[in-house]
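Its first residue numbered 453, the sequence shown is counted upward by one per residue in the working numbering.
Do not rely on the hints blindly, as some may be mistaken.
[To be verified] Distance ranges between label pairs, derived from CB positions:
(1) T614 / R521: 15 to 25 Å
(2) N514 / G626: 15 to 25 Å
(3) K554 / E605: 31 to 41 Å
If you are wondering where the hints come from, they were derived from the structure by calculation, not from laboratory data. Even for Gly, the Cβ is constructed at its ideal location relative to N, Cα and C.
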Amino acid sequence: MCGRYQAGLTDLDMEQYRQAIKEIESMVTAPVPTREAFPSQELPIITHQGFTSANWGYPLDNKLVINARSETITSRRLFSQAIITSRCLIPAQSYYEWKQHKVKYQVETDDIMTMAGLILASDQGSRFVIITTDANQQIEPIHHRMPVLLKPEQLSAYLFDTASAIDMLKPFNGPLQLSALSPEQLSLFD
Numbered sequence: 453m454c455g456r457y458q459a460g461l462t463d464l465d466m467e468q469y470r471q472a473i474k475e476i477e478s479m480v481t482a483p484v485p486t487r488e489a490f491p492s493q494e495l496p497i498i499t500h501q502g503f504t505s506a507n508w509g510y511p512l513d514n515k516l517v518i519n520a521r522s523e524t525i526t527s528r529r530l531f532s533q534a535i536i537t538s539r540c541l542i543p544a545q546s547y548y549e550w551k552q553h554k555v556k557y558q559v560e561t562d563d564i565m566t567m568a569g570l571i572l573a574s575d576q577g578s579r580f581v582i583i584t585t586d587a588n589q590q591i592e593p594i595h596h597r598m599p600v601l602l603k604p605e606q607l608s609a610y611l612f613d614t615a616s617a618i619d620m621l622k623p624f625n626g627p628l629q630l631s632a633l634s635p636e637q638l639s640l641f642d
């Protein structure tokens, strides 16, 4: 599960995105946050039309759905149409995962980090969810799931080719850097 990520992008990161998605370069307009991103926040995403923003998470039965499991994405009614028509890219510097709810790990890639996502319409406007998959060997000791991470050369195909996009919903096979951050106090009584 991906519950938080780092959305702060440098100018170099943004230039790499522009080069990777030349079809949408002229539409870069969304502000880029320089903070830790939380569910329900309005954040930048990339669609087939360019950069825009949407709120992270889809409200369903008084809960906020923030992730979509790759294994059930084509069969689950909430996501089955979106994987065909409403894919998005979520730019990030890194994402966070917790081991045993105490130790926060920051996960980074060598290239720009891009998570696969879906856009969903709601009564409150556009929403997005992050697609997750089984963890790869590096992440498995920390958590059994991870976001679907895309390489720069996959970005255009993910947005514009449904068959290729579905085939990309797999554990990341590139190098990852994991950094254990200081344990967070979750309760006054821990």
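Evaluation of the provided hints:
For T614 and R521, the hinted distance range of 15 to 25 Å is satisfied, since their beta carbons lie about 18 Å from each other. A hinted range of 15 to 25 Å for the beta carbons of N514 and G626 is inconsistent with their spacing of about 38 Å. Against the hinted window of 31 to 41 Å, the Cβ-Cβ separation of K554 and E605 comes to about 37 Å, which satisfies the hint.
Of the hints listed earlier, the one the structure fails to meet is number 2.
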